[in-house]
Amino acid sequence: MSDPTLLVLASLAEGEKHGYAIIQDVQRFAEIRLGPGTLYGAITRLEERGWIRPVAADDRRQPYALTALGRKHLEEQVANLDRVLQTALERLRHA
Amino acid sequence: MRGLARWAVRLYPAAWRARYGREFEVLLEDIGPGWRDLRNVVWGALKMQISSLSFGKATAALAIAGALVAGFVGVSMRNVYQSTAVAVLTPVWTPQMDRREANLAMAGRLERLRVGALSRPALADIINRLGLYQKLRERYTLEDAVAQMQKDVRILPIDGDQTGERHYAMAFLLRFEYPDRFQAQRVTAELMSRLMAAQVQDGRVATASLEVLDPASLPPAPSSPNRWAILFVGVTLGVFSAIAFFGARHWPIAGVCAETGALAGALLAIVTRTHNPWPIVIFGLVCGVLASPAAVLIHRRLTRLGH
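Each protein sequence line maps, in turn, to chains A and B. Letter by letter, the first sequence follows residues 1 to 95 in the numbering used here. Letter by letter, the second sequence follows residues 1001 to 1307 in the numbering used here.
I should point out that these hints are in silico values taken from the structure, not numbers from a laboratory. Treat the hints with caution; some may be incorrect.
Partner residues are not named here, just some residues of chain A that face chain B (Cβ under 7 Å, in silico) [claimed, not checked]:
hint	residue
1	20
2	37
3	41
4	56
5	60
6	61
7	65
8	88
Built from N, CA and C at the ideal position, the CB exists for glycine as well.
Just chain B, with the same shape it has in the complex (with noise of 0.2 Å):
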């Protein structure tokens, strides 16, 4: 055990063992230290390396924290496949159509169809048919699945632009969510051929028609999580907590908090690419000093393990 102890004596900076390494080790030597002294140096050693911390070396050492916390996280992650298919509903065109009554028209006949496509029977067929949400299933009940899966379907329109010359068409983007790409795929296209059923089935089928532009795709990639995005926001996050750590020695802690505070609200901006990214910065703002009462708290632990 005195060897140990004698060891750990070496996880304290250079400069400290330079001018206590000695009368230390005797110390050591005196009291004939057991487990519970081996530990009380070790954690002696890592305050003293955090008293003892450059803002440089602090920052590289957070940063590289931060990325290891992100690497874990985007690794323990489960990776999600998107599969889409495009379609269009076209209304039978008549001369004394107006523009805002067919947009109407199309809307509601998108809603009718999406109701009766992605309906609680609907979805469930197709999660027993196809052996969808096991793990869920393991622990939940149908609904429970079903209720995901209404979650991780979304049927989205899609500007006028892209339906070219069709007299006011109402295209749409038909999307699925899933960890397997291929069940991804093969739900989509269930779900599209439902859709187009569910055209035929409506009685209003002569008004409009359902045609379909792109067929469901096989994801090559998965669609989540970025794992960039998160490493970056784990090393800015690193990177952030040494400048409020370091900061908070010199400047009033409110002011640092703040400081972090916009800087984590500008940087969720970038990740989420907001067109409007100020309410964000200003929410980060005031979230960072109504944070600062805790961050005063915080700091003094920190400052006295420093110590």
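Bound conformation, chain A alone (with noise of 0.2 Å):
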């Protein structure tokens, strides 16, 4: 659960965010910090991807947005990682 593309889309996922606001967010909820370069690497490819799009901004500072594809994509990531998770945990309670 490190892969910056998803943890980049899963802080998206609460609404438009700008650089600096999703190092921090994702630092609150997944305890990671994401250096500059990762984050616009994995902003740099979510965009190719159509999976976010950069709106409006009041400042100097880009905020971006998940897509629909984004929110489809982010979706069925988490749909895979609850299984895996599900089995996990239901394997640990027989072990």
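Hey, can you piece these two chains together into the complex? The hints should help.
Encoded structure:
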């Protein structure tokens, strides 16, 4: 669960955010500090795939928002992760 | 640190900077970058450069990288000089002599001479007297130096055509390789005189004579390493790596590995001047296919790195 693209998608699922806000949010919910290079590597890839898009900014910071495609991808990823977690939990209980 | 980080942004590809540069600099101002962030920015720039490289640029970059590595390897390898001497063993001619018997007899004679002249005590004596293998002897024993010398000395039979009109004579080449060309010549001369002495001491001296045709040569240039060949291999491997990396984006990985293996095999066959290159090419092809699972893992990792 340390894939930067998934962390950024998870952060943007709450609403549009700029880079610094994403770093702070990810640090809060995942306890992972994304470096600036890592964050913008992920943002570049996500935008290329059409999973996020830049939105109009009030200041020099550029906010991004999740697209419908990005939301769908995130839902699929979360469902997959959930299946893995449920399986692991069940097996741990019966071990 | 902020200035350094802002400078590091220049390491990103120009197209990327045009799109993200300004907002990225704003982010750097917001976070107040430390060393860890600076390292992260530089690493991110490297990854971005890799992912945005075109096939041509990547091929050129990898070829240059291959040339640099090969150049370093070539320079770090020490020169080795080969001194050679040629001698001929001629049997005393008798009319009833059969060619096969004469050949066998001369081969046996040469082997006896070789064993006598290259015996452990004989080589140990030469090593001690001429002060050979000093660096090796600083770390290892005299036995190791003798073992190394046995590898560096070669006695190779020469094709019969070169013995001219002599009846069933067996010519041979004595070769010694050493980093010092004068020592190489000295040792070759010493070994040849020991072969002559062994021939004289041999009880069957009457049946054959040993004559030196070419005395020990002073090698004018190193025989190895062949730095041009190393450079060629480095550049070619760089180009192959680019083909493999970019090909893997479009073609099944096993195909790319097989292609790379076959090409590497062909290259090896060219460099080693093998008469029959097909076994090496097929071996390369099979190795390529067998290595494809590892290549898939590396490719995945590089692809992730590229993003």
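Here is what the structure says about each hint:
no.	hint	result
1	20	holds (4 Å)
2	37	holds (2 Å)
3	41	holds (5 Å)
4	56	violated (13 Å)
5	60	holds (5 Å)
6	61	holds (6 Å)
7	65	violated (14 Å)
8	88	violated (23 Å)
Comparing the model with each earlier hint shows violations of hints 4, 7, 8; every other hint is respected.
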